[in-house]
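Q: Turn these sequences into a full structure, and let the hints steer you where they fit.
Number of protein chains: 2
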Amino acid sequence: MSAEVTGERSFWGWGYDSEALSGRRLDELAGRVELLVDGESLELTTPPTVDEINLLRPRILPPARLAAWCSVDDRQRAAHTYGKSFRDIVRALERRWERPPDVVAMPPDEAGVTSVLDWANSVGAVVIPYGGGSSVVGGVEAPSDDDRPVISCDLSALDRVLEVDATSRAARIQGGVFGPSLEAQLRPFGLTLRHYPQSFEVSSLGGWLATRSGGHFATLHTHIDDFVESIRAVTPQGVWESRRLPGSGAGPAPDRLMLGSEGIFGVITEAWMRLLDRPRFRASGVARFASFEAGAIGARALVQSGLWPSNCRLLDATEALVTGAGDGGAHLLLVGFESADHPVDAQLARAAALVADHGGSFAVRESAPGSEGDAAERWRSAFLRAPYVRDGLVRLGLINETFETAITWDRFETFVADIRSTTGEALRSVGAWPGLVTCRLTHVYPDGAAPYFTVIAPGRRGDRLEQWATVKAAVMEAIARGGGTVTHHHSVGRDHRPGYDLERPDLFAAQLRAAKRVVDPHAMMNPGVLVDP
Amino acid sequence: MSAEVTGERSFWGWGYDSEALSGRRLDELAGRVELLVDGESLELTTPPTVDEINLLRPRILPPARLAAWCSVDDRQRAAHTYGKSFRDIVRALERRWERPPDVVAMPPDEAGVTSVLDWANSVGAVVIPYGGGSSVVGGVEAPSDDDRPVISCDLSALDRVLEVDATSRAARIQGGVFGPSLEAQLRPFGLTLRHYPQSFEVSSLGGWLATRSGGHFATLHTHIDDFVESIRAVTPQGVWESRRLPGSGAGPAPDRLMLGSEGIFGVITEAWMRLLDRPRFRASGVARFASFEAGAIGARALVQSGLWPSNCRLLDATEALVTGAGDGGAHLLLVGFESADHPVDAQLARAAALVADHGGSFAVRESAPGSEGDAAERWRSAFLRAPYVRDGLVRLGLINETFETAITWDRFETFVADIRSTTGEALRSVGAWPGLVTCRLTHVYPDGAAPYFTVIAPGRRGDRLEQWATVKAAVMEAIARGGGTVTHHHSVGRDHRPGYDLERPDLFAAQLRAAKRVVDPHAMMNPGVLVDP
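Line order of the protein sequences matches chains U and S. Its first residue numbered 0, the first sequence is counted upward by one per residue in numbering that gives the first Met the number 0. Its first residue numbered 0, the second sequence is counted upward by one per residue in numbering that gives the first Met the number 0.
Do not take every clue at face value.
To be verified - Chain U regions said to be covered by chain S (calculated; three or more residues, Cβ under 8 Å): (1) 208-214; (2) 251-262; (3) 302-309; (4) 338-344; (5) 397-408; (6) 446-458; (7) 488-494.
Source of the hints: derived by calculation from the structure; they are not laboratory data. Values in this document were obtained by computation on a predicted structure and should not be read as measured data. Glycine is no exception: its CB is placed at the ideal position from the N, C-alpha and C atoms.
A: Below, the structure written as structure tokens:
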């Protein structure tokens with residue numbers, strides 16, 4: 000993937016300070032979005048500085064035995080107040096840190112995690128597990144309706160690959176490790192997890208597991224779930240650890256209850272993960288379609304073929320244009336195959352034929368492997384930069400947010416059309432228009448697809464959170480009405496609770512609540528996420 | 000698969016009466032196993048007849064509104080007393096039906112299922128969901144430590160494909176449908192579920208889901224789990240229904256809690272299942288290996304290649320001989336590819352090269368497609384006949400049972416060797432020797448394999464259940480000690496509870512118990528399976 004970025008993490012925005020847009024790049028960005036703001040001048044908000052943070056004093060202080068790795072420093076507390084959604088960035092730019100954690104704990108090891116939970120229990124505090132803090136759904140912020148003190152439990156010191164089993168191609172890995180460090184530790188063994196969510200640089204294995212993140216592969220093994228052999232977590236009632244197995248049919252899969260549990264049971268400290276050999280063979284191409292719907296039918300044919308491309312992402316013409324992947328004159332289907340074992344040119348040739356059968360004009364990779372001239376590479380580069388660009392747009396006063404879902408193919412066309420029009424109407428209704436609503440398919444399945452929408456629209460300074468809340472509520476309602484899911488891979492967090500509550504079986508929610516009570520009887524772990532205490 | 004068998008189901012043995020071994024075929028079987036019984040004559044037990052069934056009178060009688068589809072008939076009650084394990088067949092041959100269900104309910108529809116649960120609740124009865132009754136783990140028999148009346152809820156009338164969505168290649172299917180009828184109903188649409196457990200003819204979709212059954216595919220999509228879009232079940236607290244989705248990351252997957260729940264939450268009445276186009280292209284071959292361990296390394300290389308063969312089953316030399324797949328002079332790796340979309344000869348060629356790299360001498364399919372001369376076909380035919388042969392062996396006084404597990408590759412060799420020697424020693428210790436202990440790999444994963452063991456050994460009439468109980472306990476202990484799973488695809492049932500309790504996280508068991516209490520507060524659904532009430 001990309002080289003590991005070092006330097007200081009931003010305490011208010013995405014990723015690393017050194018990577019944020021500034022100077023000429025911000026001016027260029029402003030020029031590109033002028034059309035959206037109807038000639039009004041774009042005013043640039045200055046990011047907050049550490050001096051501007053002025054938090055209420057912490058309500059609790061760590062006991063002496065934990066003090067060495069706990070912080071009540073304003074910068075740390077501010078940095079751990081929010082995730083990194085549009086709403087989070089706006090609040091930070093507005094210098095609003097209303098419910099910061101009282102203490103940021105950074106335990107050095109699993110025993111430290113246990114100490115944090117014990118301490119929290121003894122003082123009646125809430126614990127919020129914190130990996131990379133890249134949540135875009137309010138997954139790491141304090142509950143608004145809970146007066147208990149808050150401890151943000153930052154796992155970033157649990158950052159090691161502990162054991163590699165090259166025979167089984169698996170490794171035991173600590174939950175706090177970030178993507179680049181994880182891959183760097185696996186590289187000497189010729190192995191890779193090959194899980195590349197957009198947040199790869201600033202998200203952790205434990206976070207991926209807790210949120211069922213979606214990764215590199217557009218088909219087949221789309222979520223992190225399928226790469227899990229076993230999970231170890233610390234709960235308020237002790238260690239929860241599943242047996243390491245390649246497969247089992249012994250009762251409901253324990254790991255599948257922990258996957259997606261978003262911190263409500265405890266803190267994921269380790270997992271045995273299935274790995275892959277590093278790919279040696281690649282082949283890719285791009286198909287142009289006259290309509291997004293035709294492109295979706297092409298993608299469907301491809302994913303129903305059993306060829307299992309690693310890349311199979313459909314960009315609508317606007318998204319292709321905005322990301323620089325295309326010229327805006329066509330909808331693009333990016334197709335790629337990869338293998339560590341065998342050439343994949345035959346698979347690409349068959350994919351090209353299938354896509355052509357469905358009206359796609361297919362070109363094998365336009366330029367040399369890995370070159371920036373390649374549409375897929377240009378798109379991927381834009382994809383990884385997008386959150387930094389988002390921060391720039393938000394500083395310029397715009398609304399820029401994404402949301403994603405999944406739907407079966409039979410309902411796909413009407414569903415996507417409904418979401419597009421609902422989003423547009425909602426933006427208009429709050430005065431955030433003209434705006435851009437683009438769509439891509441991030442993952443495709445034999446029985447459906449995961450559409451991902453990006454919104455860029457003019458906002459009213461001081462009013463953008465309310466504007467977006469209206470749009471988001473309308474979208475969640477449309478997704479529920481259309482039979483989609485409130486999230487395919489961003490997770491539920493606090494922001495998606497209304498949609499989630501419409502979606503999961505009521506009896507399952509009651510079961511989840513009961514399962515939580517078993518391991519967390521005082522509802523101290525991320526309370527209010529997924530279920531009410 | 001095989002043609003649909005019609006006629007009367009056996010009330011004591013496997014499958015259909017018309018398919019049971021008799022006459023000349025039984026004599027031949029006796030001849031083949033004479034070596035095992037050291038020259039002693041084999042006495043053939045006559046199967047029980049309906050007249051010999053003499054059950055205690057039912058403790059409850061169905062109310063008038065359910066009477067039309069409830070039975071208290073001795074034959075029905077006897078037929079629903081046990082599953083179809085070795086232990087079950089022995090007990091039936093010994094005319095022991097000690098805890099028959101009081102009533103066999105065969106509800107005509109989902110409303111009928113609800114009525115059964117309501118009635119059971121009102122009279123304080125236990126309900127045991129019953130699909131095809133092919134459990135080999137005590138999954139459908141009454142608890143021995145529970146005095147409540149028992150209702151066996153037979154779902155076989157819920158046998159229809161309700162809705163087909165050809166665009167998404169999915170169908171809404173009732174839980175009680177058996178394999179052959181399911182495939183027959185899908186055939187007009189050119190679609191197939193392609194799930195072929197050994198019990199295919201006499202097991203149901205709901206049973207497959209409740210037990211996480213393993214099917215046709217030896218790699219990639221090995222369990223039924225991956226083919227599930229959504230599940231609908233009736234619990235004592237009402238309907239539990241998940242949303243139909245191609246993928247989601249919204250919290251822990253609800254379906255994954257229902258999958259493998261073995262009836263402890265309720266009765267699975269419907270599911271939306273992912274289907275496949277019927278395959279048009281096939282290629283297969285067989286590799287001979289000098290040792291089972293070398294064959295396993297070959298299988299590992301193949302499954303780590305990303306080629307995803309549909310068949311990849313390793314038979315040890317004895318199993319190859321016994322099933323007629325081979326001559327006993329080599330261990331066989333059966334390899335097959337299939338596709339509805341594209342030729343798979345290149346994949347087979349690459350598989351052959353990989354296998355040859357690991358010492359396997361590979362021959363492309365020995366004879367014409369589908370011919371009985373093909374090793375894979377001979378093995379599959381023997382595989383489907385095996386339970387009928389088992390019934391014959393049990394009638395002849397032998398012990399014949401199977402057990403299966405899964406283990407990661409790093410521990411594979413020592414684990415399999417330990418299970419083999421443990422099984423042999425245990426058989427010797429109970430005087431059931433000389434015996435055969437064969438092994439095959441039914442499913443293989445990049446990180447491990449699922450070894451499946453078959454035991455044929457001489458038994459002492461009247462003492463075989465105790466003999467086998469000793470062996471089984473030793474095996475379960477060895478599996479736990481070696482880090483395997485108590486079941487890869489046979490499920491837990493009542494027989495595997497001791498091993499299961501060693502394997503699942505204790506806190507998960509507590510969570511499962513809590514989740515059960517939510518939907519089944521009176522512990523009436525299959526009590527004692529997976530967790531104690």
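Q: All hints are to be evaluated individually against the structure, with a verdict given for each.
A: Status of each hint after checking the structure:
1. Here's how the segment 208-214 of chain U fares: 4 of its residues keep a CB closer than 8 Å to some CB of chain S, so the rule of at least three is met and the hint holds.
2. Using a Cβ-Cβ cut-off of 8 Å, 10 residues of the segment 251-262 of chain U lie near chain S, which meets the minimum of three, so the contact claim holds.
3. Using a Cβ-Cβ cut-off of 8 Å, 5 residues of the segment 302-309 of chain U lie near chain S, which meets the minimum of three, so the contact claim holds.
4. Residue count for the segment 338-344 of chain U with a Cβ under 8 Å from a Cβ of chain S: 4. That meets the three needed, and the coverage hint holds.
5. A stretch counts as covered by a chain when three or more of its residues have a beta carbon under 8 Å from one of that chain; for the segment 397-408 of chain U and chain S the count is 4, and the coverage holds.
6. Counting residues of the segment 446-458 of chain U whose CB falls under 8 Å from any CB of chain S gives 4; the rule of at least 3 is met.
7. Coverage of the segment 488-494 of chain U by chain S holds in this model, with 4 residues showing a Cβ closer than 8 Å to a Cβ of that chain against a need of three.
Violated hints for the displayed structure: none, as all numbered hints are satisfied.
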